[in-house]
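Listed in order, the protein sequences are those of chains A and B. Numbered by our numbering, the letters in the first sequence go through residues -14 to 127 in order. Numbered by our numbering, the letters in the second sequence go through residues -17 to 54 in order.
Treat the hints loosely; a few may be bogus.
Said to hold, decoys possible - Taking lysine to aspartate or glutamate and the DMTMM-like style, the derived pairs with C-alpha atoms no more than 20 angstroms apart in a straight line are:
1) B:Lys25 - A:Asp68
2) B:Lys25 - A:Asp56
3) B:Lys25 - A:Asp61
Treat the hints as calculated values from the structure; they're not laboratory data.
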Amino acid sequence: MPYREKIAWLSLVGIAVCYGPYFALTYRSPLLDRPLPNLELMTLFAWAAGGNAVWVLMGRLILRMTTAPDDRGPPDERDRAVDRRASTVAYYVLIGCALYVGCFMPFITSGWHIVNAMVASVLIAEFLGGALIVTGYRRGLK
Amino acid sequence: MTRGRIVNQVRTLRFLSGEMSQAELGQAIGVTRQTIAAIEAGKYSPSLEAAFRIAQVFGKPLDEVFRWEAER
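Input sequences plus hints: build the corresponding full structure.
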């Protein structure tokens, strides 16, 4: 498995493992309706983000130690092509979600609902980008 | 537009070049071993520059290494 595909898997699992429980706990939670700054949810989010950062750092360190130097060199043209396609799609998804959150949601909701939606937008874009990197390596670019 | 795919003889040419490894070929043209594997499997079509470099490594013209195969 290419080094960069392993990193993409690491990111995908990290998002599911760290942010999955956060959204499961906060989805329709009465805490969402408290006024900002919502310290309870902010603390919960900090745990999720911190956990994700530790996951990614440790995972990258382990991958670096267990992958041969030749296999983790600078990206070549295929790596760049896979990354370019994934980044382009993720970018448009992020822009679409951000427009929805920034331009539409303030009319129907407020507070941590909007914060959560923006965090979810970034994570959806990140997850989609990672998934496209994995499929780019698995199914190929033609 | 005619549909088709690019087929290549990279695996055969590696074999004929004294069983050159994917890593050696990759190093010679500046890509990773996995990219050579993807090219051989038809999962990735290399850039024109990489294609010329591969042909140069084997001392063959480009059309003996890569060929366009139209779908019928």
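Hint check results:
1. Distance check on the hinted pair: lysine 25 (chain B) and aspartate 68 (chain A) sit about 15 angstroms apart at the alpha-carbon level, within 20 angstroms; holds.
2. The straight-line distance between the Cα atoms of lysine 25 (chain B) and aspartate 56 (chain A) is roughly 19 angstroms, inside the 20 angstroms bound, and the hint therefore holds.
3. In summary, the hint linking lysine 25 (chain B) to aspartate 61 (chain A) is supported, as the alpha carbons are separated by about 15 angstroms, within the 20 angstroms threshold.
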